[in-house]
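Protein chains in written order, with this note's numbering: chain G, 1 to 321; chain U, 1 to 430.
Some clues are possibly wrong.
To be verified - If you anchor each label on the Cβ, the simulated ranges turn out as follows:
(1) VAL90(U) - ARG183(G): 25 to 35 Å
(2) PRO69(G) - ASN353(U): 17 to 27 Å
(3) GLU258(G) - ARG376(U): 45 to 55 Å
Simulated from the structure, these hints should not be mistaken for lab results. Glycine included, C-beta positions come from ideal geometry on N, C-alpha and C.
Next come the chains, spelled out residue by residue.
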Amino acid sequence: MRRLVVVLALLVAACAPVPGPTSDITAGPTGAPRPAGAAEVSAPPSTPAAAPSCDATASLRPTGPPPEPGDMPDGSTMAKIAARGRLIAGVDQNTYPMGFRNPATGTLEGFDVDMAREIAKAIFGDPTRIQFKVLTSDARVPALQNRDVDVVVRTMTVNCERAEKVAFSSVYYQAGQRVLASRGSGITGPDSLGGKRVCATKGSSSLTNVANVASKPTVVSVPNWTDCLVMLQQGQVDAVSTDDTILAGLAAQDPYTEMVGPKFTQEPYGMGIPKADEDFVRFVNAVLERLRTDGTWTTIHQRWLGSLDQAAQPPAAKYRD
Amino acid sequence: MTAVVTAPTPHRVTGLVKSTPGRLSLIALVLVAVSLISGALIGFGVQARSAALEELATRSEPLGFAAQEVYRAMADADATASGAFLSGGVESPQLRTRYEGDIAKAAAALTTATGESTRSPEVAGALTTLSGQLPVYTGLIETARTHNRQGNPVGAAYLREASGLMRAELLPAAQDLYRAETANVVRDQDRAGGGPWTELLLGLFSLAALGLAQWYLTRRTNRLVNVGLLVATGLTLVSLLWVVVASAVVASTVSDSRVDGSTQVDVLARARIDTLTARGDETLTLVALGSGRVYEDRYAVVTKELGELIATAKSLATEPAVRDAVTSAEDQYRAWQDAHQRIRAADDTGDPNAALVIALGTDPGGAAAAFDNLDRDLVTAITRARDAFTGSVATARGALTGTVEVVALLALGAAAAAVAGLWQRLKEYR
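Chain U on its own, in the form it takes in the complex (with noise of 0.2 Å):
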């Protein structure tokens, strides 16, 4: 041993590999290094596992879910100000409440998006735009409601330009703001979810090295087992298997957590955000007054998309409360595309009033009902899809607790015991 402990000569390196001693010493030094370096490596890889999810449990999903609370509130304000507009006078306290409330939601949700700006850089430009402009378009929206409070028609000018923003400014950052979001849960999910390829090979690899340096031992000194060694290969199987079944345990609830949660929450969510935009689209066709056939074409192309949102939201559905908020949520679509049949239809042949009625009114048949129950039963299932994602992340994690404890406890049990069972040959040369 005190051979390599003072510094090596070359001649001394050359007749220390030669002597069988030196060799001993050298396959002890080589085990303990593999063990302690591929130990710390598997250990790195499982807390990059466990980084991930807890990145998935704390911020990326919130975050998802705050960039879609955002688009949902904006666009909802949007609607809710034009329809105050359509009703005449002065806005109904019900929709000014509704109004300041989803502008308040807004900006709570946009202070939890921004307050993670600094992680996606990509966000940033879309985070300035909502931050900045927001304020502008309320002030907008009050300019317009002052006029309206004093009769002068510029107050419609101003509640477009405000509405213009809204749709040309705010909603595509909001929708860019979702899309990174999302990008990062299945990002993260991919980082958690993966196979855990670099821990079998630097577990095999570590295997590999003390099944060797056991041929060498058993070749040269004649015995069969090395007690030592053999501890020390038992340690680091345990050890792989234990990542091993942690890491396809958290794959497979990953996996679990896209089917059962994230992918139908994303359907669902874009099937939201249509809800929205067809809403407006349904409100500004009738402050155009006959003039509203952009309008009406989008409301057209995007409430056929939502169908099909719906549509394939309910294949999604594993649970069985998801899938019956959603088989409502269709009923309630077929309910709004029915009574925005019958606002068309008196537009078309000159009475708006009775549009409006339709439109706007309370009558549970109205587009207004069917809109808003359309929207609860997905907010519902989105809440539901939502919590399967939340548990299987959770049980995911669950899956991980200890591990990098276990397996830094066995890489320094495994090097000790090569070590030990190493000495006891080379006692036997003093």
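Excised from the complex, chain G in its bound form (with noise of 0.2 Å):
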């Protein structure tokens, strides 16, 4: 009888219900998306020391003043764009206060587009017969090299490696590179980048630069400088580093971050004309030399620059005829 009860009991047992795993919840991924077109950079560009060294901020000297509006030399690039009917400029939208759109208006603004304006103002006399085609950092040298622009005005960093494919004004605009970090970061400035996160543009000066600083952070690069601040207030990288004049725009649009650190390199900005333009170039030259002296530089540099630098001085000018 016994027997049989533990036989039957055990029965029982084989037939209850053998409990199972127990279901789980899995979410997909967490968090914010990255910016379209954002990568780590693994390898990092070459160092500007491995370019050739040349003078590079040395322009084509100008010929005198700039023809009146109207009245460009026979056969001269100005004609040929004069004929056209309007300058197509190489800018930027992203870059708050260098070249962006404003968001209220939807038109293009800064810096940059008004130095891009002042152009066309010289050959047409009338500084809205410009298009603007706008331009990632990446897309400048293939740009001008295409004649895809007439000209590029975008924060655009005259060096000896650039040098070798596209022409360059004279510089228009004097700028260093800094560091922009969320307050109470702990980040100083370049020194202390070590094992952190920093976004720059792809294609950009500011890039090389940051990959090559002595405390070998991590680059991040992204197609525009917005796209930093993004990542930036995504807890997706710890700094960005690039101009004081975009950092500056960057840190009016976000008031708990600050640039620190020293400016630790120098950076020039030129306009880029395609290489075989020369006559262009010297045009260009003699307009910034008007802007320099006639009080406009000042002006334009007070609209958009002011709290930057309120004495800043044109930079002058350096040719090699």
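The task is to assemble the complex, starting from two chains supplied on their own in separate frames and drawing on the hints.
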């Protein structure tokens, strides 16, 4: 009888429902996405030292004051632009206060945009005779080489590597690279970036510079400078490093960020022009010469970069004839 | 009969099969088994067919449509958000309302689709992406909007990030979902509309068994006809005919549901998705301001495919209402292409504001009007084709009404008649 009970108990136990594994809820990827085109830079671009040494900031000397609007010399690049009816300028639409799209009006504005309009004004007598093409940092040199644009006015640093492929005007602004980080992050400058993630745009000289600082940060590249601010705000990078002009614009959009540390590079901005258009380089330099002396440069600087440096003077032009 | 009921020893079984009454009893048993089993199998077959039809009507097709709606609403939301950014300033109430409506629609359609995730585990990944990332997308859009309101250009970067998320994650997931649900429709149609071959075989097997029994009885008893077996044969034949005819009707109407419905809906839905993709690319080309080659190239590819899909839809159309809507869509497609040419001409010659007016303005000859009309025509055509589909499936379901019950009753009847027929002969051996 007892044996029967045992057998029955075993049978019942065998038939009882077996506890299965408990189900779990698995979430998909968490956190904000990254800006389209963001990527870690594994192999830092060549150091500036590796580029051929030259005196890139010395541009072609103007042949006197620029000709009157509407009176361009026959056969010149300017005459061709005049015949087309508009200047085609490569600018930025994402970099406050250099070249950006004003969200309220949808129009392009900024220091670089105003400088480009001055060139259009010199050719046509009308600053609105201009077509803007938005270029990312890495698209500037190809756009000039393909002649998609007449001129690039887009925080473009004059350096020897680029000077081999395109021509530059005289320097129209002297910027310098710094570091932007969240307040209280403990980042104090380029020396404290070791092991940190730092953002810069693809194809910019800033990326090359920051990838080669001694503290060896991890560099993340994105298409536009505002993408860097997005990544900083989303906690995907610890700092942004580029020219003080651009960083000031980013800091103006987020009071929880601040520029830290010294200028650790010199970034002379020049207007990029197709290498063959030497007459246009001289013309642009003549226009810049006038902007420096007649106070236009200072007016434009005060409008956009006054907060950065109240007493800034236009950089003196260097020529190599 | 008693010999059958008591448990047979090996000796008794051989004796049983050797004696005529034993054989008759065995035949009766076999006939009962054949009738009942084949009846049950045919019944299951019909039941499966009917279940596939119900699945088609209540789940696969509505879910396919829900997946299409998820895609459409999200793509439209993204194009609207980009358009609102392009137009500058605080977005217009119309664009904001449209965006909000799209998001609400996408969420609602997603709820429908998610409810069925247990049925189709292959879409679980796509559904997780959609329900997980849609709130992230709207969050980014609101961040972009807040920055825009404060005049911060970083708003555009958030919009780009949102748009990138939409194009890289959300829309592909919605497309996977749509493909899976459309595959379900085809699968259910195959299941419901296949030929009744199993049923035919089973029915013929029953008939053959009855025929053999009749032949044996005729030889043994010298009586030409056994009424019971004859009745059983008649009932089996009726059952077989019923099932075959009903299945043939179902097969034909399911084929109608493909030709008049789902095939057209699929082409039209793909055309609609292309319409939205092309509109998004058109807008993004303008946002890129002179560096939108990538978008413009994709626009060209997508609109070419769109033109082909509209032409295909026109050639597939079986109903006048659908054909009319598709013809109108074709006109709108051309009007849009014209407007796009003008947008490109204005944008390429340095007049982005004129391009914007043609692209986003309310002018009836503009791209916005043509796009809206094209979408409306495609919706009309899709609705009509869906109606045709639903109608065909309803007819098919009607054809199967009561078939399982009839098959079951006829199988029971045939079994009873066979037993009764053989009982008559068995009684003679008492």
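Self-check item: Unmet hints by their number, sorted upward, for this structure
Solution: none
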